[in-house]
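Protein sequence lines correspond, in order, to chains D and V. For the first sequence, position 308 matches number 308 in our numbering, and the numbering has no gaps at all. For the second sequence, position 72 matches number 72 in our numbering, and the numbering has no gaps at all.
Note that these hints are calculated values from the structure, not bench results. Worth double-checking, as some hints may not be accurate.
Reference listing, derived: stretches of chain D covered by chain V, where coverage requires no fewer than 3 residues with Cβ under 8 Å from a Cβ of chain V [as the list claims (entries may be wrong)]:
#, region
1, 110-119
2, 130-137
3, 237-246
A short list of chain D residues far from chain V (calculated; beta carbon distances all over 12 Å) [said to hold, decoys possible]:
#, residue
4, Gly89
5, Val140
6, Ala141
7, Asp275
8, Arg310
9, Gly312
10, Lys384
Positions of the beta carbon are idealized from the N, C-alpha and C atoms, including for glycine.
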Amino acid sequence: MAASRRKSPAKKPAKKPAPVPSSAQRGLGRAAKVVRAAAARAARASSTLVGGEGTQRVVLLVGTRKGAWILVADPERRRFRVEGPHFLGCIVNHVVLDPRDRRTLLASAKTGHLGPTIYRSTDLGRTWTEATRPPAFPKVADVPPADAADGPAGGGAAAKGRAVDASFWITPGHLSQPEVWWAGTVPHGLFRSHDGGATWDGIDGFNRNPAGVSWDAPGFFATPDGAITHSVLIDPRDADHMYVGLSIGGLFETRDGGVHWTPLNRGVAADFLPDPTVPYGHDPHCVALHPKNPDRLYQANHCGTYRLDRPGDTWERIGRNMPKEIGDIGFPIVLHPRDPDTAWVFPMDGTTVWPRTSPGGRPAVYRTRDAGSTWERQDGGLPKGQGWFTVKRQAMAADAGDPVGLYFGTTSGEIWGSADEGRTWRPILAHLPQILSIAAAEVPAAALP
Amino acid sequence: MTGEAAGPHRVHIPSPLRSYTAGRAEVEASGGTLAAILADLEAAFAGIRFRMIDEQDRIRPHILIFVAGRPARDLRARVEPGDEVQIVAALSGG
């Protein structure tokens, strides 16, 4: 019975969670040489990709409104074997591979009825084990039952005790911290696991609020999908240096592993606020940090597309250089794995009532190869009209191949892919449920189910 | 206060939660309040409670729990000897 709770709704007997690492393993701020060695290992690993030794395969980890799927690419990335569903019927916000072992997956899941949890697989999805303590806020004493009906989100929630509604975003920890994972939640919350995802603890410095103000303050209100903490980004040079995106709330930075946070939103528009010059309260849709140049950040925001080069603190609206008729509003932003000047966005219609569909019904990806100074349209193979695609913030990804493979999933359940860095696109799969997320990863072919 | 010699009570488990009960639709649990019943359930079927009760001890929005046919408002609901507990996953859209 106790064992049964550890299995996914659909899978075979599960393995025990990995043992809790020692404090030395998880200690923050380890010697720089450890970090460099880990980075070198990762670089070596990512150099054996598609077509290399034939030992690595691209997989797409697809989270949907009704379950998760794993798509396994052939060596040319033209055909994909479809494996799944996992967690059929569950809302799966994110499925992420651990780049530190290339075998472990974490998946966040809930249903319309049941509370949010996290599953872990150490065998690329053959079996899943449920977290024994999923992300949850501290219990607030003496919550008057009369207030409880208001639910976890909305005004006054902090005073009544917040409850995690979804683990929206999952990020593997720093390379020097093998069993560490991070999760961003709805409503705003940041959690960390030290044991590979079995148990999760709240980051008080964030969850009590990142800017010294209450979560009820103006600027932290919720999107229609709730107040989303996303884009949990870790500086590969320093495990203590992180960024977190809040939709709505803005981008925040910590340099001490999450104890203290400061807003980092200068230069970003916030047209929807009465005072658009506020230090926080912005709406980053998706933020990305370049792995080879961690001083470079890109941001797809409710109010435009931006780039920031640290140590600078003022974002530049590179979306101004996109065609006026397209605009620079979108949800995902995807970076080239090796070239910090190259990024892709999926523009959407952010006018009038915000249809959030491809402008004019003509889907296209836009690419910059000069850090946002110029953009080119990439729509080869995509519908030339009546294509009303919506692509959510986690639903576009790049693999590490050369040329880079790109993938996006739509809310109408289609997955499109490009094996030539966006020049031409082909449909990979249709008829899935609403796609919430796609992650591309490289795994050992021999380890695949 | 919560558990003295009350029960066991029959507890009906809805299908979304039967992955925790090895597929069983009906189990037994003891306790004089709904909180105690749920603690007993958790002891037998680890993880089941959090899927229906949030970390502030609120019954999740689309979960209904009936005690002797009456909807329980919160976990303080009393469960008298012989009462049945029915957990219902309410309809929650598409």
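Hint check results:
{"no.": "1", "hint": "110-119", "in the structure": "holds (count 6)"}
{"no.": "2", "hint": "130-137", "in the structure": "holds (count 5)"}
{"no.": "3", "hint": "237-246", "in the structure": "violated (count 0)"}
{"no.": "4", "hint": "Gly89", "in the structure": "8 Å, violated"}
{"no.": "5", "hint": "Val140", "in the structure": "6 Å, violated"}
{"no.": "6", "hint": "Ala141", "in the structure": "10 Å, violated"}
{"no.": "7", "hint": "Asp275", "in the structure": "33 Å, holds"}
{"no.": "8", "hint": "Arg310", "in the structure": "36 Å, holds"}
{"no.": "9", "hint": "Gly312", "in the structure": "40 Å, holds"}
{"no.": "10", "hint": "Lys384", "in the structure": "31 Å, holds"}
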